Amino acid sequence: MSAFNAIGDDREIDRNEFTPGLEPQPTWCPGCGDFGVLKALKQALPEVGLTPEEVLTVTGIGCSGKLNSYLDTYGFHTIHGRSLPVARAAKLANDGLEVIAAGGDGDGYGIGGNHFMHTARENHDMTYIVFNNEVFGLTKGQTSPTSPKGHTSKTTPHGNAKSPIRPLSLALTSGATYIARTAAVNPNQAKEIIKEAIEHDGFAHIDFLTQCPTWNKDARQYVPYVDVQESDDYDFDVHDRQEAQEMMFETENALYEGTVLTGRYFVDERPSYQQQKKELGEMPEEPLAERYFDEDAEWERSYDLLERHK
Amino acid sequence: MSDHELIWRVAGGSGDGIDSTSQNFAKALMRSGLDVFTHRHYPSRIRGGHTYVEIRAAGHDVQSRGDGYNFLLALGDSFARNPQEEAYYGNEELKPLSENLDELREGGIIVYDSGLLSEDDIAELNLEERAEENDWHVFPIDLRAMAKEHGREVMRNTAGVGVTAALLEMDLSHIEDLMTDAMPEKILEPNLEILHDAYEMVQEDYEFEHDLRIPTGDHDEEQALLSGSNAIAYGALDSGCRFIAGYPMTPWTDVFTIMSQHLPDMGGISEQVEDEIAAAALAVGASHAGAKAMSGSSGGGFALMSEPLGLAEMTETPIVLLESMRAGPSTGMPTKPEQGDLEFTLYTSQGDSARVVFAPGTIAEAYEQTRLAFHIAYEYQIPTIIMYDQKLSGENSNIPVSFLDREPDPSLGSTLTEAELAEMPHDASGKFHRFQHDVENGVSPRSLPGQKDGRFLATGNEHTPEGHISEDADNRVAQMDRRIEKLDAIRRELDEEHESNQTYVGDESADFGIITWGSAQGAVVEATERLNDQGHSVKAVGVSDMMPFPEAELTEFIESVDQAMVVEMNATAQFRGLIQKELGRYGEKLTSLLKYNGNPFEPAEIVEGYELNVEGSDAEPTAQVRIEPAAGD
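These protein sequence lines map, in sequence, to chains A and B.
Each residue of the first sequence is one higher than the last, beginning at 1 in our numbering.
Each residue of the second sequence is one higher than the last, beginning at 1 in our numbering.
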């Protein structure tokens, strides 16, 4: 009998199960885009048949980091920029878990940028949602890696001299195998994209546009949006790396010119890291964590390695 | 005579195969019934650059590198033939001979490869004159030509071993056996040939006027030759550790690679990742999800781990970290040992942080305390750190095979099963009360993601018993008190249920004490025995528990002596500072003997430190050590 019986539970799930009972109400500002991510997740998770106990959400620091305080799954609220290394190890130790990492643009593209590149490169089987509102929120409005050039804030009083990071292109170049952008103002698309990302075997990156009504004064900064899959103006093959790349480039330019393009940009079937590691004999077939509860498990001893030392 | 010993130093260039040659030779000596201890000295370079390995072998217990040495095999540096390098490094080719003469004992033997050195080089060294003064026995032998004759120049090593065995009148059988096991057939034959040719040539062509012969000894039971890194890795494997994440950095890399070699075949996972922040964070993530996990690094890399270390403390996620010290600050001397990271390791990370730190002093302690580190980490949900250094990491000594014949420990400690979780308190929405205030020993048992009835939020922010982020004052005090209470509980367990981690030598009634920690222990133990043989009254303690500190044991020790000298490998007397901080007194009773030149203590240096201390001489120590007087002096 498994030590993790919640995993693989295929009963009917009500979305209310993901809403905590007597717990703190979100501390996010009224009108914050983060509510949109929370809502989309609560809808998506039961629809893909997941129970709260088989999901592990791992978050970083910032307004986004509080996501799992308001979402009733197993959760790990880590430290600034470090959600991905914690999340991918949890998945390696028990790949029966559905692991969803989340963080903000400062957290994920700034301080955690190196981890983003490497987690995408390795194609860990997990979903990564970056709440992109183009500012540091919780520390009160400083310029972030996605803030537009010229953005003025307390840390850039004369305007931001840096060009913003290109998250979609960066994910593609790094090796992510599912890349999408959605927006809190578009809950139906957001839910569908989250569902696809969870079901994707590999590293799924969602650049989630979340308007910040407090520090980016225009609370409607991501309206109106265009869904590139629904619009006749855009035609590209999400399985074609080059076409996807060109579309991403256009999307990233357009955002700062006032046109918000969203949708799926790239889907690739490259095997996940976990799968490749198993094929190479570098990872056990059964979840490593199960073994500690298995009374019949055989534990090799260093005593049997001593021949070479005698 | 009982103190008869061989200290064989083989010197050459990095990449010349000094390491493998000496490893085999050390095993041959062990198989012939001797106790062995090896010491590695190497530069931070891949190929070329002066390196040596010392093997000390005797019919009695050996715990340190000893003082100086009595047999030099100088192989020359075959990678040093680039004239350009002389501008920076001097004459590298000569270094294996020239750099090693100062510590060669009177009556010692020198074998050097005359094929690599010109007569001018030798003349420059005044070798003949110095040999006469010191009664050295010098054997210039063209090992290079001999090796070329048999095929490959790299076989100079084997020729050197053959010469050594002949000069010591040592039987070749163990060496042959080991070569047969280690070498593929194609290269075995020429190597065996050159071994015998060299042996016979020396027997036939040279007269032995030296006294040094192979010591004799006998083991009661089968022995294994293990490095400190081996012992730590094996301790981890036997603790059920099946997950390691790391980033290469000397000297931590040794443990990382040993673990990585074995884990896949043992159903485990090894991850080489982008940096040390990630490495320690992976250990946290894996442990959170239910694996026994470890990570580690050396000084500079460990600095990056301070964030995930704090996260593990606050979320009460068990992890084991290694801190394999090298000389700092910054990247310092990458291949040289120092005990300079004590304060850094004890206090790394922000806030009132609680972690457990062990500093084993020997190979056997390294194994034992690694097992203890896993037990404590998982039972108390606290990060534990094993501090050691480049010395303990790279040195080899023999331990009885039976020492490792014990049961594995795959227990996840205070982790609940689903059946147990069902009985635990939950709130209305079904969340498990993960971080309860009022529990025995400060430990509130945990659940793992994927378990039924165990749902909770782990957060690096301060949190309530239910896991919610909270800045409530009363809750803060209760949670902080509980986390810190663990250290007292661990101290009680260490004192009551385990044999002391501290090592004591000398007569209890002795009136002078020597206190040391970690890898300096071997030299201190030996120096203490020597001082007592000379009629002094000295006892010593090697301390391994850095946090929680063994207050009662150390108080008793210091109270029982008139004066004590703290011996450690750093410039700022960090351990003496810790003792005074923990015990709150004894400033006037403690002096320090410090060494920080990149080489470990030799017993004679400690003997000299004792004499200068007790006899109160103003003389400067002859060795590169420093005496730091007691507070107020």
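Errors might be hidden in some of the hints.
Unchecked claim - Among the chain A residues that face chain B by a calculated CB cut under 10 Å, a handful are:
| id | residue |
| --- | --- |
| 1 | S2 |
| 2 | N5 |
| 3 | A6 |
| 4 | P46 |
| 5 | G49 |
| 6 | E53 |
| 7 | E54 |
| 8 | K66 |
| 9 | L170 |
| 10 | H239 |
| 11 | R241 |
| 12 | A297 |
As the list claims (entries may be wrong) - Okay, derived cross-link-like pairs now, EDC-like style, lysine to aspartate or glutamate, Cα gap no bigger than 20 Å in a straight line:
| id | chain 1 | residue 1 | chain 2 | residue 2 |
| --- | --- | --- | --- | --- |
| 13 | B | K452 | A | E12 |
| 14 | A | K278 | B | D265 |
| 15 | A | K310 | B | D61 |
| 16 | A | K310 | B | D405 |
| 17 | A | K310 | B | E222 |
Bear in mind the hints are in silico, worked out from the structure with no lab data behind them.
Model, not experiment: these values are computed from the prediction.
Even for Gly, the Cβ is constructed at its ideal location relative to N, Cα and C.
Hints and how they fare:
This hint holds: S2 (chain A) has a C-beta 9 Å from the nearest C-beta of chain B, less than the 10 Å allowed. Interface hint at N5 (chain A): satisfied, since its Cβ lies 5 Å from the closest Cβ of chain B, which is below the 10 Å cut-off. With a least beta-carbon distance of about 5 Å to chain B, the hint placing A6 (chain A) at the interface is held under the 10 Å criterion. Taken as an interface hint, P46 (chain A) does not check out: its beta carbon lies about 15 Å from the nearest beta carbon of chain B, beyond 10 Å.
A hinted interface residue such as G49 (chain A) counts as satisfied when its beta carbon comes closer than 10 Å to some beta carbon of chain B; here the least separation is about 15 Å, so the hint is violated. Against a cut-off of 10 Å between C-beta atoms, the interface hint on E53 (chain A) holds, since the closest Cβ of chain B lies about 6 Å away. A distance limit of 10 Å between C-beta atoms decides the matter here; for E54 (chain A) the minimum to chain B is near 6 Å, and the interface restraint holds. Checking K66 (chain A) against chain B: minimum C-beta separation of about 7 Å stays under 10 Å; hint holds.
Among the interface hints, the one on L170 (chain A) is violated; its C-beta lies about 15 Å from the nearest C-beta in chain B, farther than the 10 Å criterion. At its closest, the beta carbon of H239 (chain A) sits 28 Å from a beta carbon of chain B; the interface hint therefore is violated under the 10 Å criterion. The beta carbon of R241 (chain A) is not positioned within 10 Å of any beta carbon in chain B (closest approach about 24 Å), and the interface hint is therefore violated. A least Cβ separation of about 7 Å between A297 (chain A) and chain B falls short of the 10 Å threshold, and the interface hint therefore holds.
Straight-line distance between C-alpha atoms of K452 (chain B) and E12 (chain A) comes to about 16 Å, which keeps the hinted pair within the 20 Å bound. Among the hinted pairs, K278 (chain A) with D265 (chain B) is consistent with the structure: their alpha-carbon atoms are about 12 Å apart, no more than 20 Å. About 18 Å separates the Cα atoms of K310 (chain A) and D61 (chain B), which keeps this hinted pair within 20 Å; it holds. Restraint check for K310 (chain A) and D405 (chain B): satisfied, since their Cα atoms lie roughly 14 Å apart, inside the 20 Å limit.
Between K310 (chain A) and E222 (chain B) the alpha-carbon distance is near 8 Å, which keeps this suggested pair within the 20 Å criterion.
In summary, the numbered hints that this structure violates are 4, 5, 9, 10 and 11.
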